[in-house]
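So the sequence lines, in the order shown, correspond to chains D and E.
So the first sequence is numbered by this note's numbering: it starts at 19 and just counts up by one.
So the second sequence is numbered by this note's numbering: it starts at 19 and just counts up by one.
No copy is singled out in the list; a pair is fine if it fits within one copy or between any two copies.
Restricting the straight-line Cα-Cα distance to at most 20 Å, the calculated cross-link-like pairs of lysine to any residue (SDA-like) are:
#: 1; residue 1: 160; residue 2: 200
#: 2; residue 1: 69; residue 2: 37
#: 3; residue 1: 81; residue 2: 38
#: 4; residue 1: 302; residue 2: 172
#: 5; residue 1: 302; residue 2: 173
#: 6; residue 1: 302; residue 2: 175
#: 7; residue 1: 302; residue 2: 169
#: 8; residue 1: 125; residue 2: 207
#: 9; residue 1: 285; residue 2: 163
#: 10; residue 1: 160; residue 2: 205
#: 11; residue 1: 160; residue 2: 197
#: 12; residue 1: 302; residue 2: 342
#: 13; residue 1: 285; residue 2: 161
#: 14; residue 1: 160; residue 2: 127
#: 15; residue 1: 335; residue 2: 310
#: 16; residue 1: 125; residue 2: 209
Everything labelled a hint here was simulated from the structure, so no lab data went into it.
Protein chains: 2
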Amino acid sequence: MFQVSVRDDEVDIVIAAIEPDLTSFLEEWRAVFSRFHLIIIKDPDIKGELKIPGGFNYDTYTKADIQQIIGPSNAATFSGYSCRYFGYLLSKKKYIISIDDDCIPAKDTKGIQVDAIAQHINNLSTPATPFFFNTLYDPFCKGADFVRGYPFSLRNGVSCALSCGLWLNLADLDAPTQALKPELRNTRYVDAVLTVPARAMMPMSGINIAFDRELVGPALLPSFKLAKEGKFRWETVEDVWTGMCVKVVCDHLGYGVKTGLPYVWRKERGNAIGSLKKEWEGVKLMEEVVPFFQSMKLTPAAKTAEDCVIEIAAAVKEQLGRIDPVFTRAADSMVEWVQLWKAVKTRT
Amino acid sequence: MFQVSVRDDEVDIVIAAIEPDLTSFLEEWRAVFSRFHLIIIKDPDIKGELKIPGGFNYDTYTKADIQQIIGPSNAATFSGYSCRYFGYLLSKKKYIISIDDDCIPAKDTKGIQVDAIAQHINNLSTPATPFFFNTLYDPFCKGADFVRGYPFSLRNGVSCALSCGLWLNLADLDAPTQALKPELRNTRYVDAVLTVPARAMMPMSGINIAFDRELVGPALLPSFKLAKEGKFRWETVEDVWTGMCVKVVCDHLGYGVKTGLPYVWRKERGNAIGSLKKEWEGVKLMEEVVPFFQSMKLTPAAKTAEDCVIEIAAAVKEQLGRIDPVFTRAADSMVEWVQLWKAVKTRT
Chain D
19 MFQVSVRDDE
29 VDIVIAAIEP
39 DLTSFLEEWR
49 AVFSRFHLII
59 IKDPDIKGEL
69 KIPGGFNYDT
79 YTKADIQQII
89 GPSNAATFSG
99 YSCRYFGYLL
109 SKKKYIISID
119 DDCIPAKDTK
129 GIQVDAIAQH
139 INNLSTPATP
149 FFFNTLYDPF
159 CKGADFVRGY
169 PFSLRNGVSC
179 ALSCGLWLNL
189 ADLDAPTQAL
199 KPELRNTRYV
209 DAVLTVPARA
219 MMPMSGINIA
229 FDRELVGPAL
239 LPSFKLAKEG
249 KFRWETVEDV
259 WTGMCVKVVC
269 DHLGYGVKTG
279 LPYVWRKERG
289 NAIGSLKKEW
299 EGVKLMEEVV
309 PFFQSMKLTP
319 AAKTAEDCVI
329 EIAAAVKEQL
339 GRIDPVFTRA
349 ADSMVEWVQL
359 WKAVKTRT
Chain E
19 MFQVSVRDDE
29 VDIVIAAIEP
39 DLTSFLEEWR
49 AVFSRFHLII
59 IKDPDIKGEL
69 KIPGGFNYDT
79 YTKADIQQII
89 GPSNAATFSG
99 YSCRYFGYLL
109 SKKKYIISID
119 DDCIPAKDTK
129 GIQVDAIAQH
139 INNLSTPATP
149 FFFNTLYDPF
159 CKGADFVRGY
169 PFSLRNGVSC
179 ALSCGLWLNL
189 ADLDAPTQAL
199 KPELRNTRYV
209 DAVLTVPARA
219 MMPMSGINIA
229 FDRELVGPAL
239 LPSFKLAKEG
249 KFRWETVEDV
259 WTGMCVKVVC
269 DHLGYGVKTG
279 LPYVWRKERG
289 NAIGSLKKEW
299 EGVKLMEEVV
309 PFFQSMKLTP
319 AAKTAEDCVI
329 EIAAAVKEQL
339 GRIDPVFTRA
349 ADSMVEWVQL
359 WKAVKTRT
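Only chain D is shown next, with the shape it has when bound in the complex (with noise of 0.2 Å):
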């Protein structure tokens, strides 16, 4: 299944240290990781030393790294979840793929280690297909094909910007939906890989992600923080919204999102009526963001996925700036970012 067409060299894969000890994370990720390049990005709100077992390949960057490079009146940006965004700014590399540190790899339903790697980078590296959907999911993985009625024309695709895996035992879910079922997990293994179709928006995870750095990577952006956002994934809608921002950018571009495997366990981390004590804000936003990024329309003069940034900063700032400062600060930091991509890439 992995392609051939793609070398080791052309991979990053980021890592956000949300603990300071990555030890057992990356035992468990050694059979899988230890042919790539790592990008370790040490949470700067986080205290202690990185441990980082020996064998792997790989460059850490911490609070002072960041503040060097972007000085310090930025370095905010970079917390928490967020802190894997100066990876992606950093990285040089075609591929970029980013796991959370509370994710070990899954098993298939055969009780076979899934490779979430070569699966991403497949992913990635086949063609998408969002301008039709095929009723048996990806026509490019093993054993698959376009249905009856799949136009012709269609079935050569387009390129694949972003990979979204997904998660077994510890869903996805947001503060009140964990707080009101403790009990649930997410235990169906689902053996598929589809393309989200064109104009179709979806909430993307950050937990277990793959993208096209060359194709979007300035759309992946870190820019949406609640006020009292922490440092679990229920309290946090960054990546929901960067995923919006992609999702238009690629139907935009005319690039593809797939979604599905690969699949990775995550453990339990957190207490998620702790989390529903912060009155989280995010419930209440999504109701806003969804609407806005639905309507959005880029203009032909939007050639790059700098040039969409910027025109959606500009239509957040105009269209949702008078609901909440909250996103005021987003489109500021949409440019702000972009500036700085532009900027780290003259400089290297």
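Assemble the complex: chain D is given as a structure, and chain E must be docked to it using the hints.
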């Protein structure tokens, strides 16, 4: 999983008898079908008495019945696979399920026989979610839920009007693909149901479907006949056309379309290379059909499925009629179908 709110007498199973002896087909399905009423339509082109084993609750209809009810001029519409539409016309039930007579029950990954009827009814009687994609598939399946970022205002979903099941073994390919890959079989059991997002078109297959007759019955229509089509699925696109009509109607009226489970097992039938010699025009026509339906917009005046079909027919005639006379015939047939539908409903 079966919804207790659906009674057995709210369901008709419609079978198109393409061959007169249904003994082995019905014996395979006995455990699943025998609780329900069957409507069996004999393909008006075939000879020989229908053979139906005892113990089923059914009505049969033959060419004479078709001619009596709709007159001889329209009878041709109901030949081959299309004879099932005569059953759709006569049914008075809320739900209709139709499975091709070369299919037998499939087994899931644990080797347990699938109850396709229960799964279809479950799909139709639980809400669909066409306005935002849920990455963990149908949130109304057991053990599933909405993922983080899914707007709460969209979590009630909408009525599901169409459930498209899939097939193991012989996949539903077009004649050229089947001829090119004679060994290709679908062996991947994907344990998922999902709502096809609003405004995304998909190639419905009539092999294994269910729908809510009260919501969209008039849109399940026999209108798109190829000049040289035969008795093999890969020689037809009538169901693909019909599926896009229904999808446009659902998108307009705010209903959902689900695809995925249940699977059926398709037995081998026919020779694709023989079919290719008929200069099958389905491939060429789909290049026009798909963009047409993708850009189809209905007016606010279309408030019922009948209204929608009439509007679609007018657009077919105007936009596609000049390309090929098959489209003009399809448009006329759609209008006739709605007239027939109304006449039968008034009469009974």
